[in-house]
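Q: Residue strings, one per chain:
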Amino acid sequence: MSDAPRLAVSRLHHEFAGRGDSGPIVALDRACFAVGRGEFVAMVGPSGSGKSTLLRCISGLLRPTAGEVRIDGTVVSDVPDALALVFQDYGRSLYPWMTVHGNVDMPLRRLGISREEREERISASLAEVGLAGSDHRFPWQLSGGMQQRVAIARALAYKPVILLMDEPFASVDAQTRADLQDTTLDVWRRHDSTVLFVTHDIDESVYLADRVVVLTGAPAQVQAEISVDLPRPRDQVETLALPRFIELRHEVARLIRRPAAQAGAT
Amino acid sequence: MTVHRAHLETAVGVDRRGVIAAVVLRTGVLGALLVSWQVAAAYAGSPFFPTFTDTAARFWEAWPADPEVLTRHLLPSLARLVVGWTIAALAGIAIGTVIGLSARLRDYVDPIVQFLRAIPPPALLPLFIVLLGIDDGMKVAIIAFGAIWPVILNTADGVRSVEPLHRDTARAYGITARDQLVRVILPSSAPRILAGLRVSLSIAVIMMVISEMVATINGVGFQLVQAQRNYLYRDMWAAILLLGVIGWLFNGGLSVVERAVLGWQRGAMRQEDR
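These protein sequence lines are chains S and V, in that order. FYI, the numbering used here numbers position 132 of the first sequence as 132, with every residue one higher than the one before it. FYI, the numbering used here numbers position 86 of the second sequence as 86, with every residue one higher than the one before it.
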């Protein structure tokens, strides 16, 4: 059992009921991949490539038509305890009627841990994302980047076995995105956690991950997996200038474009 | 960071100036209305149509200055109003939440709700008297019945339109059903629910008066009808003024609650506007 990968997705398939007599729409076509313990995997694919469907299936928000998701070898049937999710749309994922403290505390309430431990986790995770002392502010009093930090702190305080991130930095400005990427890497390294990071940004996927899973086509299929053999710790200036980084991002870009080019040829 | 805060403060400053202007304007309009009442009534000189100062003086003698009338007539009225409206609020929020959560239930219940709420509640007074008698229970029941519909409809609407990502987030974190209800669904629906409560409050006042106009021996509505039947037109006007004051005070109280409960919403909206 201990050899089982942290997260194993096998032949995961999802169809939505079509409208009228168009038949079902296949969103996800027998996707297979795995994420090892402590691994940082980025999943990259064009918009509308079923990335979100895949993530919703893994997080138990959507029941797949076929296939299975295993966490530590156990098949996931409902919303798994072990997961924390960070959504792209922080503005609609944080609760505006709760303070930062309340938002981070919310998932902890049902964990059956003491008040003191909850408080400890809240202040520790807020400090980790650079928001120490912001407990009593409301999300709408914070900038977009800071709001997403709150969402990350909320996920951290939950101490998930796997952290799922769904295009978390797609709606912040470039500088903030770079800061948040480094915060994420920091947190990942310090906690030895396992991260599945979905993005449509090729540079981001290569910069962050140990391995990039390329998703293409409609319905989405796993097109390829690329190991990212860039040294760590990564650096926004140095890593991005490495010839190997440029090679890798070209490779990912080629893989993403290929099916489109093929479709164009036929 | 500092820039951010400066923005907030400017927004608050503008807001405060706006509030003062609004208050001045509002009192000005009200004052003009009262002056025209005074002038028109003085000009008409009709016993059916006393001046504002006359009405206000009579109001003062007949109500605030007379403890006996307060306990015999005002308190029972207020008790019926508060109990009836509270029942409407609690039951309405509960029923509305259930309807809002279940699309299937909504399909079944919606036609019934639409039909029942289309009946003018005063028309049900004879029925309620036949079924429940003429005591306080009947009055509370008809106040609650009349006032419940806006609460149900607004709550159901609010619950149905909870941001899907808010609910997904709660589900993904395995948040308990109770916490989802109390900490996500109800707070998110609070703006709508409070709007419903406001409408239902005015209906409750209307139903209170109507229920007291027949088969009663006390209450503001009773005093109003008594005054009219005994040709005490200044008393009649005073009772009407009192009803206005009651509605106004309750509405003001609700606004205070609203500001406290929905502080987050005002802040979030101000932030979006920028």
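FYI, nobody ran anything at the bench for these hints, they're computed from the structure. Any given hint could be a false lead.
Between beta-carbon pairs, the in silico distance windows are [as the list claims (entries may be wrong)]:
#: 1; chain 1: V; residue 1: A22; chain 2: S; residue 2: R137; range: 56 to 62 Å
#: 2; chain 1: V; residue 1: V19; chain 2: S; residue 2: A17; range: 47 to 53 Å
#: 3; chain 1: V; residue 1: A123; chain 2: S; residue 2: A218; range: 56 to 62 Å
A few chain V positions that, by computed beta-carbon distances, are all more than 10 Å from chain S [said to hold, decoys possible]:
#: 4; residue: L30
#: 5; residue: L105
#: 6; residue: P122
#: 7; residue: L165
#: 8; residue: T169
#: 9; residue: R171
#: 10; residue: A172
#: 11; residue: I175
Glycine included, each C-beta is placed from N, C-alpha and C at the ideal position.
Q: Decide, hint by hint, whether the structure agrees.
A: Right, here's what the structure says about each hint:
1. V:A22 - S:R137: 56 to 62 Å: violated, 28 Å
2. V:V19 - S:A17: 47 to 53 Å: holds, 52 Å
3. V:A123 - S:A218: 56 to 62 Å: holds, 59 Å
4. L30: holds, 34 Å
5. L105: The claim stands: V:L105 keeps its Cβ more than 10 Å from every Cβ of chain S (closest is about 22 Å).
6. P122: Answer for V:P122: holds, closest chain S Cβ roughly 38 Å.
7. L165: violated, 4 Å
8. T169: V:T169 not clear of chain S: closest Cβ-Cβ about 5 Å, inside 10 Å.
9. R171: violated, 6 Å
10. A172: Non-interface label on V:A172 violated, nearest chain S Cβ at 4 Å vs cutoff 10 Å.
11. I175: violated, 6 Å
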